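First to last, the protein sequences are chains C and P. Note that the working numbering gives residue 97 to position 20 of the first sequence, counting from 1, and the numbers run on in steps of one. Note that the working numbering gives residue 186 to position 52 of the second sequence, counting from 1, and the numbers run on in steps of one.
Check the hints yourself; a few may be wrong.
[What the hints assert, rightly or not] Here are some of the chain P residues that sit facing chain C, going by a computed Cβ distance under 7 Å:
1. Gly-176
2. Phe-179
3. Tyr-182
[Stated by the list, open to error] If you anchor each label on the Cβ, the simulated ranges turn out as follows:
4. C:Lys-134 with P:Thr-212: 35 to 41 Å
5. C:Asp-104 with P:Gly-185: 39 to 45 Å
6. P:Gly-185 with C:Gly-132: 29 to 35 Å
7. C:Glu-160 with P:Ser-221: 40 to 46 Å
8. P:Thr-212 with C:Pro-159: 36 to 42 Å
9. C:Asn-130 with P:Ser-192: 44 to 50 Å
10. P:Glu-154 with C:Lys-145: 21 to 27 Å
11. C:Lys-148 with P:Arg-198: 32 to 38 Å
12. P:Ser-141 with C:Ser-129: 35 to 41 Å
In short, the hints are calculated from the structure, not lab data. Given the structure is predicted, the values throughout are model-derived calculations rather than measurements. Glycine included, each C-beta is placed from N, C-alpha and C at the ideal position.
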Amino acid sequence: GENVEQHPSTLSVQEGDSAVIKCTYSDSASNYFPWYKQELGKRPQLIIDIRSNVGEKKDQRIAVTLNKTAKHFSLHITETQPEDSAVYFCAARNTDKLIFGTGTRLQVFP
Amino acid sequence: GAGVSQSPSNKVTEKGKDVELRCDPISGHTALYWYRQSLGQGLEFLIYFQGNSAPDKSGLPSDRFSAERTGGSVSTLTIQRTQQEDSAVYLCASSSRTSGFNEQFFGPGTRLTVL
Numbered sequence: 078g079e080n081v082e083q084h085p086s087t088l089s090v091q092e093g094d095s096a097v098i099k100c101t102y103s104d105s106a107s108n109y110f111p112w113y114k115q116e117l118g119k120r121p122q123l124i125i126d127i128r129s130n131v132g133e134k135k136d137q138r139i140a141v142t143l144n145k146t147a148k149h150f151s152l153h154i155t156e157t158q159p160e161d162s163a164v165y166f167c168a169a170r171n172t173d174k175l176i177f178g179t180g181t182r183l184q185v186f187p
Numbered sequence: 135g136a137g138v139s140q141s142p143s144n145k146v147t148e149k150g151k152d153v154e155l156r157c158d159p160i161s162g163h164t165a166l167y168w169y170r171q172s173l174g175q176g177l178e179f180l181i182y183f184q185g186n187s188a189p190d191k192s193g194l195p196s197d198r199f200s201a202e203r204t205g206g207s208v209s210t211l212t213i214q215r216t217q218q219e220d221s222a223v224y225l226c227a228s229s230s231r232t233s234g235f236n237e238q239f240f241g242p243g244t245r246l247t248v249l
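Chain C extracted, bound-state conformation (with noise of 0.2 Å):
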């Protein structure tokens, strides 16, 4: 089946600075590549997501790159702001069900 592996497991920037969050996946069936953000104590949310046929994707400040030969994919914050501290978890479809990594948690310091 398909696995999913997230890197880092934890990101400090300062505030202003980029950040980038990488996954791999295993399965080159995969085709759907969301990401989700959980804030502390809430409900994950999507923030932004990448089809198979698709190399980037942007929205504002951030945006999703797609590897396929490489079979990975990274998500890219520009102009960190505090409000983007949170766990953020990449995950890729397969046969219909989400695989999801194991989360990097982002402190955006001031």
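Since chain C is already given, all that's left is putting chain P on it; use the hints.
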């Protein structure tokens, strides 16, 4: 409209007891998922329901875990003979065909503590 709801929000039980966790998906969502999130860990897939199809149970960790979905709506996750390692937050999510079953909307979770 209302989002995904789960009950109870917290459950404390003694080792060996059975527990039932409930999920009410968003009205009209035909896909429903259960995940387990242990402290500081990721989201572990447990089971997936889609319409009237047989559920995908491939993520259930043992035969003590089971789930039902009645009438294509409400779902119940049952854990029999609970063990301390079952302590976690159990999250339910639903999605709809209109989004291509892409975005999953999560409930607030049930925090289960097994003493």
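Review point. Okay, Glu-160 of chain C versus Ser-221 of chain P on CB: inside 40 to 46 Å?
Key: 30 Å, violated
Review point. Once the shortest beta carbon distance from Gly-176 of chain P to chain C is found, is it less than 7 Å?
Key: With a closest approach of 4 Å, the Gly-176 of chain P hint holds.
Review point. Is the gap between the beta carbons of Glu-154 of chain P and Lys-145 of chain C within 21 to 27 Å?
Key: 42 Å, violated
Check your understanding: Does the hinted range 35 to 41 Å hold for Ser-141 of chain P and Ser-129 of chain C at CB?
Key -> Hint holds: Cβ distance 37 Å, inside 35 to 41 Å.
Review point. Holds or violated: 29 to 35 Å for the Cβ distance of Gly-185 of chain P and Gly-132 of chain C?
Key: 33 Å, holds
Review point. Given Tyr-182 of chain P was flagged as interface, is its beta-carbon under 7 Å from a beta-carbon of chain C?
Key: Hint holds; Tyr-182 of chain P Cβ to chain C Cβ min 5 Å, cut 7 Å.
**Study point:** Ser-192 of chain P and Asn-130 of chain C - C-beta distance against the hinted 44 to 50 Å
**Key:** The hinted range 44 to 50 Å is violated for Asn-130 of chain C and Ser-192 of chain P, with Cβ atoms some 27 Å apart.
Review point. Is the hinted range of 36 to 42 Å satisfied by the C-beta distance from Thr-212 of chain P to Pro-159 of chain C?
Key: 41 Å, holds
**Study point:** Cβ distance range 35 to 41 Å for Lys-134 of chain C and Thr-212 of chain P, holds or violated
**Key:** 39 Å, holds
Exercise for review: May I ask you to test the hint 39 to 45 Å on the CB atoms belonging to Asp-104 of chain C and Gly-185 of chain P?
Suggested key: 24 Å, violated
Exercise for review: Closer than 7 Å between Cβ atoms is the bar; does Phe-179 of chain P clear it against chain C? Give me holds or violated.
Suggested key: 6 Å, holds
Check your understanding: So does Lys-148 of chain C sit 32 to 38 Å from Arg-198 of chain P, Cβ to Cβ?
Key -> 34 Å, holds
Hint compliance for this structure: hints 5, 7, 9, 10 are not met, and every other hint is.
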